[in-house]
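A.B. asks: Those sequence lines, one after another, are chains A and B.
Under the working numbering, the residues of the first sequence are numbered 1 to 141, in order.
Under the working numbering, the residues of the second sequence are numbered 1001 to 1124, in order.
Mixed in with the good hints, there may be bad ones.
What the hints assert, rightly or not - Computed cross-link-like contacts, SDA-like style, restricted to lysine to any residue with a CA-CA straight-line distance of at most 25 Å:
1) B:K1123 / A:P48
2) B:K1123 / A:T63
3) B:K1088 / B:D1060
4) B:K1123 / B:G1030
5) B:K1123 / A:G54
6) B:K1123 / B:G1049
7) B:K1088 / A:A22
8) B:K1123 / A:A47
9) B:K1088 / B:T1108
10) B:K1123 / B:T1108
11) B:K1123 / A:R17
12) B:K1123 / A:V14
13) B:K1123 / A:V76
14) B:K1088 / A:R17
15) B:K1123 / A:A22
16) B:K1088 / B:F1106
17) B:K1088 / A:T60
18) B:K1123 / A:R28
19) B:K1123 / B:H1076
20) B:K1123 / A:T24
21) B:K1123 / A:R58
22) B:K1088 / B:L1122
23) B:K1088 / A:R15
24) B:K1088 / A:I23
25) B:K1088 / B:G1030
26) B:K1088 / B:E1099
27) B:K1123 / A:A73
28) B:K1123 / B:P1112
29) B:K1088 / A:P128
30) B:K1123 / A:R38
31) B:K1123 / A:R90
32) B:K1123 / A:R19
33) B:K1088 / B:D1021
34) B:K1088 / B:R1058
35) B:K1123 / A:E56
36) B:K1088 / B:T1047
37) B:K1088 / B:L1105
38) B:K1123 / A:L43
The hints are simulated quantities; they were obtained by calculation from the structure and are not laboratory data.
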Amino acid sequence: MVADPPVPESPAGVRWRARLRAITLESRSPDRAAAWYREALGLSDDAPLLTVGGVELRFTLGTCDPPSAVEPARIVLNFHVDDIRAAEGRLIALEAVWVRELERTRWGIIGTVLDLDGNYVQVVEPAPDSPPCLQRNEEHR
Amino acid sequence: MAIPTLGSILLGTTNPDRLRDWYAAALAPGDAGGVFTEVTPTMFAATFGDTSLLIDGRSDVAGENPEPGRVVLNFHVDDARATAEHLKGLGVTWLVELEEREGGLFGTLVDPDGNYVQIIELKE
């Protein structure tokens, strides 16, 4: 009889391996903020949850003072798209304030706008040769 | 046309090495070896589920987040109690220690830059 080979131990970190599943954004007007993101991203307004690629965007009422983010570069949401011009068109239709108009970079084509609460939101069409961690995740179309 | 995805969340920081080490130790990225990839000498990336966290050394933010409640990152884990024990072992700062609420276990900690990070284990 041959003994079973030892079972390799699971990596210790697996029990606290974390998945980023939601972002909570404080807003002076959560409903307007949610509607803005739906329009900006071309999402259906039928679904009760605003989910983008497996991550839920939640909006809570805040009484932020000042109303716009003091440090918008502190936390930036990068939305990956496959058609950057269509994304640009949606943002222009929303009359979004551009911080950086579409620009070709080593990571792809990137543009930055302000959301209604002054947070930086970027639309990114990743370059084919950008690192895998910066590529579009295709599992959540 | 495909629906957009939240490809990544960028954390601007004056101390990217410290923030990278904290997230790698605290929350175990899914990348091989649980490590961040060095994108540039001051930018690091790792995946947490379907989204990447980018840690970007910048000069247009202060050392500490002046408005930490504005944006909260919510991480789901399989075993929140084990995660909390692990985090206590690391000596992290808790805003709200792990507690049972309707829907599951929730705790909020503060990363070294003062950003709020919520740990969640949803009930089945």
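A.B. asks: Hint numbers the structure violates, sorted upward?
C.D. replies: Hints 2, 3, 13, 17, 18, 27, 28, 29, 30, 31, 34 and 38 not satisfied by this model.
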